[in-house]
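Asks: What follows is each chain in one-letter form.
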Amino acid sequence: MDILKITQPEALSQDVESDIEMSDNENEVTGNSLVTPGELVTDDPVWMKGHGTYFLDNKTYSSVAGSVSRVNRLLSVIPLRGRYQPETGDHVVGRITEVGPKRWKVDIGGKQDAVLMLGSVNLPGGVLRRKSESDELQMRNFLKEGDLLNAEVQSIFSNGSASLHTRSLKYGKLRNGIFLKVPSNLIIKSKNHSFDLPGNISIILGVNGYIWLYKTPSSGRKNNINASSNKAQASFDAKGGYNPGQGSVSITRLEEESSWEIYSDKNDPNITGSVRKNIASYYNIIKALSHGELGITEQRIIMGYEASLAYGNSGSLIEKEAMESICEDVLNSEKMRGDAS
Amino acid sequence: MGREIELSSNESNFIIEGFKSGVRLDGRKLDEIRQPVIRVLPDEYGYVEIEWGNSKLTVRVSAEVVKPFEDRPFEGIFTINTEISPMASPQFEQGRVSDDEILISRLIEKAIRRSNALDLEALCMVAGAKVWYIRADVNVLEFDGGIIDAASFGVMVALQHFRKPDVSIHGSDVIVHSLQEREPVPLSVLHVPICVTFSFFNPSDSEENIKGELNEEISIIDATEKEESLRDGSLVITINKNREIVQLSKNGGLPIDVFVLMDLSKKAYTIAESLSEKIKIFLQKEESERYKKLHLDLLEAGAAR
Amino acid sequence: MSRLELYSPEGLRVDGRRWNELRRFDCRINTHPQSADGSSYVEQGNTKVICMVSGPKEPSNKSQQNSSGAVIEFNVSIASFSTTNRKKRSKNEKRTIELNTTLERTFEQSIIRKLYPRTTISVNLHVLAQDGGLLAALTNASTLALIDAGISMYDYISGISAGLHDISPLLDLNTLEESGMSFLTIGVVGNSEKLSLLLLEDKIPLDNLEDLLAIAIAGSHRIRDLMDQEVRRHANLRASKLVK
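These protein sequence lines map, in sequence, to chains S, B and D. If you count by the numbering used here, then the first sequence holds residues 7 to 347, one letter each, in order. If you count by the numbering used here, then the second sequence holds residues 1226 to 1530, one letter each, in order. If you count by the numbering used here, then the third sequence holds residues -13 to 230, one letter each, in order.
Worth flagging that the hints you see were computed from the coordinates, not collected in a lab. Hints are supplied without guarantee of correctness; some may be wrong.
Once the Cα atoms are required to be at most 30 Å apart in a straight line, the calculated BS3-like pairs of lysine-lysine come out as [to be verified]: (1) S:LYS111 to S:LYS150; (2) S:LYS179 to D:LYS43; (3) B:LYS1292 to B:LYS1491; (4) D:LYS48 to B:LYS1281; (5) S:LYS108 to D:LYS48; (6) D:LYS74 to B:LYS1292; (7) S:LYS195 to D:LYS43; (8) B:LYS1505 to B:LYS1517; (9) B:LYS1355 to D:LYS100; (10) B:LYS1491 to B:LYS1451.
Chain S is faced by these chain B residues, among others (derived, beta-carbon under 7 Å) [claimed, not checked]: (11) ARG1253; (12) GLU1432; (13) GLY1437.
If you anchor each label on the Cβ, the simulated ranges turn out as follows [as the list claims (entries may be wrong)]: (14) S:GLU312 to D:GLN20: 48 to 58 Å; (15) S:GLN144 to B:LEU1250: 52 to 62 Å; (16) D:SER(-6) to S:GLU334: 49 to 59 Å; (17) D:LEU162 to B:THR1304: 23 to 33 Å; (18) D:GLU79 to B:VAL1401: 30 to 40 Å; (19) B:PRO1411 to D:GLY2: 47 to 57 Å; (20) D:THR70 to B:LEU1366: 41 to 51 Å; (21) D:LEU162 to B:ASP1296: 14 to 24 Å; (22) B:GLU1231 to D:SER(-6): 54 to 64 Å; (23) B:LYS1491 to D:LEU162: 30 to 40 Å; (24) B:GLU1231 to S:GLN305: 55 to 65 Å; (25) D:ALA200 to B:PRO1411: 35 to 45 Å.
Even for Gly, the Cβ is constructed at its ideal location relative to N, Cα and C.
Please model the entire structure based on the sequences and the hints provided.
Replies: Right, here's the structure in full:
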C-alpha cells in the first residue's frame, strides 16, 4: 500500500489491480508532498496524528522522511523505506527462528519476530483434534529452526508484533523451490498472493517481501482438493442448506491432507531441469524488478518473463544492463496495454 | 553493565518534582556543590583522601625514575589510573570495565593530563635517559555520584601536595637523595583544572525538549548517585581560574539550548574559582603546620643534645 | 606542524578557505539497499564514513530486550588505512568506546525509542579516511542512515567541528588544523540551537566560547540543509521511479 501513496493513482488503477481497497481514498491524498524528520507538517489542530508523526500542542511534525497521507482526518507520514509492518490478514512467508513453549518464533522481516502458536497450526490427524502434551513435545518434528512457511497474520499484539496462523491448506511448510527477499514496500497488497506462472512454476508473494518460488504442485493433488470441495459444495447445493453430516466429507478429506505429509522435509523427487531453469529466471526477474524499484505484481513478473525469453541463459539476467532493460520492457508493455484498453 | 540502583517511578517522580520547585533530597540548592573534605597524612607526601558528600576516594601520587619515551626524550611521564571497584557501589563489576568507567577515566585524563596541568618537561633529568615517572592512582572507596569532580579535585590536591625527592646530576649519573638527606621538591603544576558536572533532567516530554521554546530543562550541579541514575544527560565542564575552559564533554543526552550551556560554563567558573581557592588555603595551612612541626622536631633535637 | 601558517593575515586557511567556509560536504543515502535497512555515505572534506543501520530487529541477546523502547547500539570501526601512518586499532580502544557511547547517548534522545519496544537498532560505522571532524562526520552519517532506514526520529542531528586560532574561530577543521589549535565538536538538533553533543578537548578561553559556538551552530545548520537536500533528492528519485 506504501506504493500507492507515492504513485499517481490514475495510472495505477488503470493497469494494476483494480480491487485495491485504498484506491477510493487516493483522491484524498493531496499531492505528493514530501517531508523529512523534524519538519512541520501542519499546525491545524483538526488532524489526528498517525504513524510517522509527533506533535507538540497543535503542531504536528514529521518523524520520518516520506510522503504525507491524509485519510479522512488521520494524518500520517509514510516512510519511503522501513521494515515490514504486519497487518491482520496479510499473507506472509516466514522462517522459524526459535521453537519455544507452545509457540514458534517466526522471522517475517518485521521489527520483531512473529509468533506462531501451536494452537494455530494444522496438526497431523485432523484439524478438530485437541492439542495434546505429546504435540508440545514434538514441536520440532513439525517445524524446526530454519524451516520456511507461509502463513496469515492472525492478529497484532499491542506491542506491534504479529501472531500468525496456518489453519488452511494453502498455508504451511514450503518445499520444492527457492526463497528470495525484496523490500516489503515493493509488494502490492491484493486479494491473492499465490499465483501459478507460465513454465510450471508457482509463486507466493509474501506481503512482507519474502517470496517463495516453487514447482507447481502436481495437478493430481490439486484436483483432489478441488474435487473434495466440489463434493462439499454439491451437498451444500442439493439440500439448499448446510448439512454437517454431508459436509463432513470435506473434513475427512482435510484430515487426510493434513497428515504428516504436510510437515515433510522431502522435496518432490521429480523436479526437472527445465523447471529449475525457470525458477532461476523468475528469481532473476524479480531481482531485476526490485533493482528497478518497481512494484512487484503477478502481471509484471509474467511480462518480465516474456521479456527474459530474449536472453538465452537465465544467468545473463543478473547483468545490470539486462536488469534495467527488463524493467524498461515491463514498463513499455504495461504502457501498451494501458493504451489498448 | 552492573546492577544499577533502581528507583520506582514514584520515587523518581518525587525527586524530579522536587527539582521543579528547586529542592533536592539532601537540602542543597540546584546549583550548589557538596563541599569537599580534604585529608592528608601528616608525614606522607602525595596521599590525599577526599570526602565529597558521601562519595569517598583516595589519591596516591608516586614517583619513579624511568627512561622516557623514544619520541619524547625531554618529557617526563605522567599517568592517572582510576580504579572503581565493586567496593564503591554494586553497579560496578569486578573485572569488567563498563562504558561509564571508561568515560570517567577518559574525562579525568583529558581534564588533567591532556591539559598539561603538570609540567612534563620539568620532570626531565637526563634527556633521553632518565626522567621522573609520576603516577596518580585514584581509588574510589564509596560512590555517591560526582566521581569525576571528586577525582580530578583529589588528583590536583595530591599533585600539589606531593614532593618528589631531590636529585643531583653529575654528567649522566643521577643521585636521588632520600627525604631525610635533602628537602624534597614540589612538582611544577601549571594550572589547576576543576571539573564541574551538570546533570540534566527533562521535566516534560521529548517533544517539548526538541520543538518547544520553553527551555525548561532542569540542570543541577553535582548529582548524587540517585540523581545520576535518573538523569537524561550530563555535561562536564573543566575550567581553571584563568578563565580557560580545559575541556567540555556533553556525550549526547538531552539536547540543551546553547545559551543555557553558556550560562552553565559561567557558573562552572565561579565554582572553579572557589574550589581552587579552597585547595590553596588548605595547602598553605597544611604546609605551615608541617613547618611548625618540623621546627619543633629540630628544637626537640637541639634540646636533647 | 605548528610552524605552518594555519590562518594567514589575509584571512585564508591552509586549504584556501575563509574562516566560515565548510569543506566540500558530499553525502548519499541508500548506498547499500540490499545489505542494510538503511545506509549512507558521507564525505566531509577528506573524511569518509560509511554507515549501515539494521533494525529495528529482534535482539540477538535476550537480556538486551527493553520493553520500554529500542536498544541502540553503535559500533564504530576505524580502518587501519584511514590515517597516514597505518596503525592497527583494537576495537576496545578507549577512544573508540568513547565514540560509541557518545553516539549512542546522542541518538537515544533523537530516535523515538518508545515506538520500537523489545527491539535493537544497530548502527555500524566504518571510517575509511580521516581528515579531521571525525565525530561530526560519524554523527551526520548516522543521521542519514537512520532516516534511510525509516526509523522515527524527532529531528536531524548534524555535527560539525570548529576551532579557535588566536581569537578567530574557524569552521570545519582538517587534520592539519586540528593538530594546531583547540577545537570543539557539536551536534545540533535540527534547525534549533539546542546541542545534544558538545565535546572540547583542549583549552580555550571562556570568553571565546560564545563566538566559537555561534559559528559552529551556523555551520551545522548548513550541514543539516545539505543532508535534507540529499534526503529529498533521493525521495523524489524513488517517488518518480515508482510512478506508473
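Asks: Which earlier hints turn out false for this structure, listed by number in ascending order?
Replies: As far as the earlier hints go, 3, 4, 9, 11, 14 are violated by this structure, in ascending order.
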